[in-house]
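Model the placement of chain B on the given structure of chain A, informed by the hints.
In the order they appear, the protein sequences are chains A and B.
Residue 561 in the working numbering sits at position 110 of the first sequence, with consecutive numbering throughout.
Residue 60 in the working numbering sits at position 55 of the second sequence, with consecutive numbering throughout.
I should point out that these hints are in silico values taken from the structure, not numbers from a laboratory.
Glycine included, every Cβ here is placed at the ideal spot set by N, Cα and C.
Fair warning: there could be bad hints in the mix.
To give an idea of the chain A side of the interface with chain B (calculated C-beta under 8 Å), a few residues [as the list claims (entries may be wrong)]:
1. Ser479
2. Tyr483
3. Gln493
4. Pro495
5. Gly547
6. Asn548
7. Lys549
8. Leu550
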Amino acid sequence: DAKTTQPPSMDCAEGRAANLPCNHSTISGNEYVYWYRQIHSQGPQYIIHGLKNNETNEMASLIITEDRKSSTLILPHATLRDTAVYYCIVRAIAAGNKLTFGGGTRVLVKP
Amino acid sequence: KAGVTQTPRYLIKTRGQQVTLSCSPISGHRSVSWYQQTPGQGLQFLFEYFSETQRNKGNFPGRFSGRQFSNSRSEMNVSTLELGDSALYLCASSTDRAVDEQFFGPGTRLTVL
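Chain A with its partners taken away, still in its complex shape (with noise of 0.2 Å):
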């Protein structure tokens, strides 16, 4: 699978956008991007996937470049409770259900 590199951390104002950048500058032509989010102490949760397209379902919006070489999650109205690592996946639908989890992006969300 393709590695994938996101900032260590950021912070964002409740209410505000948050917009979460991954670059995946190997990624090919059969990988998708699947984003999940760890909540602390708990298991991670499935936020959004996709191919090429841009995405979006009740929790966030997923661009994704033209050249597929990187891509953002959006968070629209961050909440208090948004605040979690969030973690960018390449992975390889053929490969199975095998995630190769990086350092992802430790989100502060602050009132």
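Just chain B now, kept in the frame of chain A:
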């Protein structure tokens, strides 16, 4: 629908002992994966089972093993425990659709003394 359950939630063992952790996936899910999380190494993939067969394996020593039963419940075993095995062990389940997300349980916190 009940989520992924893991038992026990907390466990204390001493070096040299062995331990068995259990995971019950979401009803209807046939894929179960195991992960180890430590402060130093982060979240690392251990192995995945699908329909009672190991489908993927991470880079862990043979002391770490697992199995899956016909009802999709899974167990992982760690033999000859070492201090470095202290970690949060997470289980995740998924459907048959390869693209679907994984649902994680709350984890088992193992402390090796």
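Right, here's what the structure says about each hint:
Evaluation of the serine 479 of chain A hint against chain B yields a violated restraint, the C-beta minimum of about 15 Å exceeding 8 Å. With 8 Å as the threshold, the beta carbon of tyrosine 483 of chain A comes within range of chain B, its nearest partner Cβ sitting at about 7 Å, so the hint holds. Checking glutamine 493 of chain A against chain B: minimum C-beta separation of about 6 Å stays under 8 Å; hint holds. A hinted interface residue such as proline 495 of chain A counts as satisfied when its beta carbon comes closer than 8 Å to some beta carbon of chain B; here the least separation is about 5 Å, so the hint holds.
Hint status for glycine 547 of chain A: holds, given a least beta-carbon distance of 5 Å to chain B, under 8 Å. The closest approach between the C-beta of asparagine 548 of chain A and any C-beta of chain B is roughly 5 Å, which is under the 8 Å cut-off, so the hint is satisfied. Hint status for lysine 549 of chain A: holds, given a least beta-carbon distance of 5 Å to chain B, under 8 Å. Taken as an interface hint, leucine 550 of chain A checks out: its beta carbon lies about 6 Å from the nearest beta carbon of chain B, inside 8 Å.
Hint violations for this structure: number 1 only, all remaining hints satisfied.
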